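Start from the sequences and build out the full structure, keeping to the hints where you can.
Numbering (my numbering), first residue to last: 87 to 244.
Careful: at least some of the hints might be erroneous.
Stated by the list, open to error - With a cut-off of at most 27 Å between alpha-carbon atoms, the simulated DSS-like pairs for lysine-lysine come out as follows:
(1) K207 x K185
(2) K127 x K101
(3) K101 x K223
(4) K185 x K223
(5) K89 x K127
(6) K89 x K207
(7) K223 x K184
(8) K207 x K184
(9) K127 x K184
(10) K142 x K127
The hints are simulated quantities; they were obtained by calculation from the structure and are not laboratory data.
Just so you know, these numbers come straight off a predicted model, no measurement behind them.
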Amino acid sequence: MLKPAILFKDELERKFEEQMYTQDFFYYTGYDGSTYIPEIKREDFLFQYAIIDSNKPAGQQLIGYFSYSLNTLNDTINNFGLYSFDRGNYIIGRDIVKKMRELVRSHHRVEWRMIGGNPVKRHYDRFCRRYGGNVVKLHEAVKTPSGEYADEYIYEIV
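And the structure:
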């Protein structure tokens with residue numbers, strides 16, 4: 087279930103701090119050794135959600151974070167952020183796919199980026215194909231924490 091992230095601000099920040107310097111955090115930020123944590127705030131055209139599993143005990147229900155921006159000049163959804171604190175929990179995928187379908191149907195353009203090696207790539211590819219989107223591959227565009235270079239993918243659905 088998606089809930090406004092502002093309601094879980096402190097817990098989200100703490101969970102992100104616990105994940106710093108991990109491979110998953112690198113996939114989220116795209117920067118080796120990054121300490122960037124998303125600022126949970128109220129801002130026009132910025133949508134931030136906590137992903138909640140209401141079947142878990144109190145204090146363990148926060149399982150992920152999802153955000154995006156709306157550019158009202160060209161009706162584009164972009165600047166996505168998605169993070170799982172509970173890898174493999176189907177609720178994250180279910181809730182995100184539901185929201186993405188809603189965004190694709192209600193806006194002119196939806197676009198996002200992803201670093202190669204991210205385990206969700208096959209899901210992104212499938213979603214993009216289903217809605218007639220395109221993928222562009224930027225070869226060796228990002229340096230990984232291990233010092234190697236990874237590809238970056240840009241997805242668009244118009």
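Exercise for review: Starting from K127, check that the Cα of K101 is at most 27 Å away, please.
Suggested key: OK: K127 and K101 at ~16 Å, within 27 Å.
Review point. K207 and K184: Cα distance at most 27 Å?
Key: holds, 17 Å
Point to revise | Pairwise hint evaluation, K185 against K207, where the allowed Cα distance is 27 Å at most | key: holds, 18 Å
Check your understanding: K89 and K207: Cα distance at most 27 Å?
Key -> Distance ~25 Å between K89 and K207 Cα, so the pair holds.
Review point. Is the Cα-Cα distance between K223 and K184 27 Å or less?
Key: holds, 26 Å
Review point. Within a Cα-Cα threshold of 27 Å, do K101 and K223 meet the stated pairing?
Key: Distance of about 31 Å is beyond 27 Å: violated.
Check your understanding: Holds or violated: are the alpha carbons of K127 and K184 at most 27 Å from each other?
Key -> holds, 23 Å
Point to revise | Pair hint outcome, K142 versus K127 [Cα-Cα no greater than 27 Å] | key: holds, 26 Å
Exercise for review: Compare the distance between the alpha carbons of K89 and K127 with 27 Å, and conclude whether the hinted pair is satisfied.
Suggested key: With Cα atoms ~14 Å apart, K89 and K127 stay inside 27 Å; holds.
Check your understanding: Between K185 and K223, does the CA-CA distance stay at or below 27 Å?
Key -> holds, 25 Å
Figure legend: structure checked against the earlier numbered hints; the only hint not met is number 3.
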